[in-house]
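Enquirer: Count the sequence shown with this note's numbering and you get residues 1 to 193, in order.
None of these hints come from the bench; they were simulated from the model.
Hints may be right or wrong, so weigh each one.
Unchecked claim - Below, simulated BS3-like cross-link-like pairs (lysine-lysine); rule was C-alpha separation at most 25 Å, straight line:
id, residue 1, residue 2
1, 45, 146
2, 189, 45
3, 55, 9
Said to hold, decoys possible - Just the calculated beta-carbon pair ranges, DEER-fashion:
id, residue 1, residue 2, range
4, 25, 5, 31 to 41 Å
5, 98, 142, 23 to 33 Å
6, 42, 113, 41 to 51 Å
7, 27, 71, 34 to 44 Å
8, 84, 192, 27 to 37 Å
9, 67, 147, 36 to 46 Å
10, 48, 174, 35 to 45 Å
Cβ atoms here follow ideal geometry from the backbone N, Cα and C, with glycine treated the same way.
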Amino acid sequence: MNMVQVYIKGQEDKELSSFFRYYPVRIKNIGMDAFFDRQVIFDFKDGRNHTEVAKCVAKMLVKKIGRKVRNVVFSCVPASSQERNEARNKNFSELVCRFSGAIDGFSHVKVIGERTAVHGTKVKKEERAKRLKEKNNIEVDANFFKNKIVCIWDDVVTTGTSFCDYTAKLEQVGARVTNGIFLGKTSYKYVQQ
Numbered sequence: 001m002n003m004v005q006v007y008i009k010g011q012e013d014k015e016l017s018s019f020f021r022y023y024p025v026r027i028k029n030i031g032m033d034a035f036f037d038r039q040v041i042f043d044f045k046d047g048r049n050h051t052e053v054a055k056c057v058a059k060m061l062v063k064k065i066g067r068k069v070r071n072v073v074f075s076c077v078p079a080s081s082q083e084r085n086e087a088r089n090k091n092f093s094e095l096v097c098r099f100s101g102a103i104d105g106f107s108h109v110k111v112i113g114e115r116t117a118v119h120g121t122k123v124k125k126e127e128r129a130k131r132l133k134e135k136n137n138i139e140v141d142a143n144f145f146k147n148k149i150v151c152i153w154d155d156v157v158t159t160g161t162s163f164c165d166y167t168a169k170l171e172q173v174g175a176r177v178t179n180g181i182f183l184g185k186t187s188y189k190y191v192q193q
């Protein structure tokens with residue numbers, strides 16, 4: 001599987017990559033490969049293929065980091081509420097860490113309150129910007145993350161704002177974020193694989 005390189009302004013010191021290109025539903029002129037990739041992402045968001053995706057992520061972590069993966073904390077960008085975060089990330093994070101040997105950071109992050117989900121099929125640009133400004137309160141265990149090497153996971157990266165905000169939160173308490181892994185990178189111009 002060819003990884004897609006990800007560029008996020010201000011995060012040039014981190015190794016960022018994605019498994020797939022994600023074409024939003026409104027992008028119609030795409031091939032079967034892109035339909036397949038999109039369905040993998042939708043299935044992940046619905047919790048239907050966490051084991052398969054976790055195996056791919058674990059394999060990638062071990063390939064990139066080797067035995068030192070045992071010293072790396074794997075942490076998912078929190079969802080918009082604690083309930084959604086648990087449903088989407090708890091089991092997945094546990095699986096990735098079981099398969100790779102990484103340290104599971106899930107229980108050391110809490111979402112306080114709720115914010116409106118940023119993504120949606122009919123969300124206008126202005127509304128998305130407004131939602132991004134709504135900060136949900138994320139509490140991280142400073143004692144746990146201090147001086148730890150961290151790899152961050154998120155399902156889809158578009159602008160990188162969620163990744164940057166979460167990275168800043170972790171680095172504020174002394175963590176060293178070195179990697180970002182994404183299931184999909186939003187693209188608008190179809191590139192056949």
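Enquirer: Against the range 23 to 33 Å, how does the distance between the Cβ atoms of residue 98 and residue 142 compare: consistent or not?
Expert: Since the Cβ atoms of residue 98 and residue 142 sit about 26 Å apart, the hinted range of 23 to 33 Å holds.
Enquirer: Given the hint of 35 to 45 Å, is the C-beta distance from residue 48 to residue 174 inside that range or not?
Expert: holds, 37 Å
Enquirer: Given the hint of 41 to 51 Å, check if residue 42 and residue 113 actually sit that far apart at their C-beta atoms.
Expert: violated, 27 Å
Enquirer: With the threshold set at 25 Å, check whether the alpha-carbon distance from residue 55 to residue 9 stays at or below it.
Expert: With a Cα-Cα distance of about 29 Å, the restraint between residue 55 and residue 9 is violated, given a limit of 25 Å.
Enquirer: Please test the hint of 27 to 37 Å on the beta carbon pair from residue 84 and residue 192.
Expert: For residue 84 and residue 192 the Cβ distance comes to about 34 Å; the hint holds.
Enquirer: For the pair supplied as a hint, residue 45 and residue 146, confirm whether the alpha-carbon distance does not exceed 25 Å.
Expert: Outside the cut-off at roughly 30 Å; violated.
Enquirer: Range hint 31 to 41 Å: satisfied by the CB atoms of residue 25 and residue 5?
Expert: violated, 24 Å
Enquirer: Cβ-Cβ distance between residue 27 and residue 71: within 34 to 44 Å?
Expert: Distance hint for residue 27, residue 71 holds at roughly 40 Å.
Enquirer: Given the proposed pairing of residue 189 with residue 45, does the C-alpha separation stay at or below 25 Å?
Expert: holds, 23 Å
Enquirer: Within 36 to 46 Å: is that where the Cβ-Cβ distance between residue 67 and residue 147 falls?
Expert: The hint (36 to 46 Å, Cβ to Cβ) is violated, given that residue 67 and residue 147 are roughly 19 Å apart.
The structure fails hints 1, 3, 4, 6, 9 (numbered hints given earlier, in ascending order).
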